[in-house]
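Peer 1: Chains A and B, in that order, give the protein sequences.
Note that this note's numbering has the first sequence beginning at 39, numbered continuously upward.
Note that this note's numbering has the second sequence beginning at 3, numbered continuously upward.
It is possible that some hints are incorrect.
Simulated crosslink set (DSS-like; lysine-lysine; CA at most 25 angstroms straight-line) [said to hold, decoys possible]: (1) A:Lys173 <-> A:Lys163; (2) B:Lys8 <-> B:Lys215; (3) B:Lys438 <-> B:Lys425; (4) A:Lys173 <-> B:Lys438; (5) A:Lys173 <-> A:Lys126; (6) B:Lys375 <-> A:Lys102.
Just so you have them, the derived chain A footprint on chain B, three or more residues with Cβ under 8 angstroms [unchecked claim]: (7) 126 to 132; (8) 268 to 282; (9) 366 to 380.
What the hints contain is simulated information worked out from the structure, not anything from laboratory work.
Positions of the beta carbon are idealized from the N, C-alpha and C atoms, including for glycine.
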Amino acid sequence: MSAPVCQEYRIEGNDYMDAGAASNNIKNTLKMLGLSSDICRRAAVVTYEAEMNLVIHAGGGTLKAVIYEDHVELYAIDEGPGIPDVGKAMTEGYTTASDAAREMGFGAGMGLPNIKKNSDEFELKTEVGKGTTIKSTIHFNK
Amino acid sequence: MRHSIKISREACQGCVNCIRVCPTEAIRIIDGEINIIAELCIDCGECMRSCSRKALGIDEDDWNKIRESSRAAVLADPVFFSQFSHYGRPEVLEDVLSQQDMNVLVDEVEDAYDLSAYASARLIARSARQSLPLISCYCPAVLRLIQSKFPEVLPRIVPVSTPLEMAADLWRMRTGSSAPITLLAPCPAKITMVHEPQGRESSPIDYGVTVRKVARSIMAAGEIVVAADAPVKTRNNRWVAWARRGGESRHVQAFADKQLTILSVSGMRNTLDVLQELELGRLRGVDFIECRICDTGCVGGVGTADSRFLANLRLKNIENTDTNWTVTPKELARAEELFAMDFWPHSKQLEARPSLPLSDNVAEAMAKLQQLKEVYAGLPHIDCGSCGRPSCQAMAEEIVRGHGSPTDCIFKLRESIATMANKIVVLSESQPHTLKRKAALHQQ
C-alpha cells in the first residue's frame, strides 16, 4: 500500500463567490488517478455540499480529502454552532439557511441527505456550540 | 481527431494569450511554436478570439471551388439569415441565393428543425423526473466539452442528430441525390461536425465553409433587387430563431403539451457553470437546457461576417414579426410523421473523452500525484504561461508525466542561476595553497 495523498482546503464562511472551487479540485485530482467518472461525481457532490455547509452554516472550516488506493475519506470539520437536531437536519427539504443564502439559490435542505446518499459510509459528530465533523467514505471498487 | 482551427506559424509571435483562454487547456507552445493537442480541442474558437495577430484561423473547405458547380446544394445555418442589413426577411435572402445559382435547402431545414424541437419535447415528456433536465446537443462545442469535462452529463443529452444533419438527410431521401452538400457554418465547431460527426457513423454533409466567406462574397455582389411580384414562399421561420440564445427553447416549447422550465445559456463561462451545476445535481425542477458556447448564441460564432449585436437585433425582429410560433395541425402531423421514421436518433453512442490518468495503476498514479504536489509546491503559482503551458498546475502535471523540466519555468531558471552564481562566488574566494602564501606576503 502506498502512502495516502492528502488534500486540505481552508473554506471561508459566507464566501459564496469561491464556493465550489475546493470540491472541483478534489474531483479533478480523483480523475487524474483514473477513477471512474461515477466515483468522481459522487466525491464531487459530497465535497460540494459539505463545502456549502461550511460556507452557509458553519462560518467556515476545513475540507479534507485523504485518498487511499481503494477508497477516499472526505472530511468537513468546523467549529461552528453545531446541529441541535440531527434527525431534522438529515430530512430532505429541512433548512436553517439564512434568507441571504436562500436568495442565492442555496439552502434547499438537500445538503446532508445528499452527502449521505452519495457516501458508502457516513459519520456525523456534532456538539452544539462546539462544531461539527462529517466523515464520508467512498470505496473505489464495489 | 480532426479539427477546424489552423495556425499560421509566420503570424504567431509566441505570446501566450491563446493558451490561457482555452477551456480545455489544449494549447502548448513547444520550441517557440503553438501546438494544439487534438485529443483536448473542442473547436470552440476561444483561442481565435484572443489572438490579436490573426495567427489562428478557421480551416474551411474551398468555397470558390464549390461554387464552380452550378446549383450547388447549400445548407445555410440559421445565422446566415441574420447577416445582411438589406435582406431582412429570410424568404427574400432565399430568393437572392437562388438567383446566385445556389440550391438552398430551406424546405428541409424547416422540417428538420421542427422535427428536432418536436423530438426534444417528446423526449422531455416521456423522461422520468430524475433524468431531467435534458440538454440540447445543437452546439457541437458544448457536446465535446461535455465529453471531455463533464462525462456524467452525457446521458442527459437529447440523442437526436442535429437539425442541420437531419435537413441534409431529408434532402438526400427526397431527391435521391448524392451531390455534395455544403454547410455554411458560423464557427469551427460546426465545420468539424461535418468532417467528424458525433452520435452517427457518417455525416450527410460533405463540405463546411464559414458564413463569413459566403456572406462577404454576396455582399461584394452588391444589393440584388428581388422583383416585387416574385413568388416568395411564406415560411414559419421558427428555425431562424435558433441562431440566437433562447430560439431553440421557444421552438421546443411550441411543441410541448405543458409549460416547460427551460434554461437558455450562452457564453463559455456560463456554459461551464451551468454544466458544473448540472453535474452536482443542483438543477432540480429544470426540464431542458439550451446551451451555446458562444455569447448571444450562434450569431456570436467566430466565423460570422457581421456584428453579433446587429445580427441578434435582426433575429429579434424576425422572431417577433415574421415568425409563426403557433404550430399548425398540418405542421404537427408532418413532425409526427418524421418522428415515426427512424433516421433521426443517434446511431452511435456518445463517448466520454476523459483526460488521461497519471498511470493505469492506482498505486503508481498515487505516487505520481504525490510527486506532482511536490513539484507544484515549488512553482510560483502565477500562471504566467511563459513555460508554454496554461498554468503551473499543467506544468507540474507534464513534468510528472515526463514531458518537461522544472527549468522550463523562468522563475525556477532564475533561482538555479542565482544558486549557481553564489556557488561561483564562493569558489572564487577559495584559493589554492600556492597562492595563499603570496597573498599573505602581499598583505604584509
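Peer 1: None of the hints should be skipped; say for each whether it holds.
Peer 2: To see whether the hints hold, each was checked on the structure:
1. A:Lys173 <-> A:Lys163: holds (9 angstroms)
2. B:Lys8 <-> B:Lys215: Satisfied, since the Cα-Cα distance of roughly 16 angstroms is no more than 25 angstroms.
3. B:Lys438 <-> B:Lys425: holds (20 angstroms)
4. A:Lys173 <-> B:Lys438: violated (68 angstroms)
5. A:Lys173 <-> A:Lys126: Given pair Lys173 of chain A, Lys126 of chain A holds - Cα atoms ~19 angstroms apart, limit 25 angstroms.
6. B:Lys375 <-> A:Lys102: OK: Lys375 of chain B and Lys102 of chain A at ~15 angstroms, within 25 angstroms.
7. 126 to 132: violated (count 0)
8. 268 to 282: Since three or more residues must qualify, the claim that chain A covers the segment 268 to 282 of chain B holds, with 3 doing so at under 8 angstroms.
9. 366 to 380: n = 7 at 8 angstroms, threshold three: holds.
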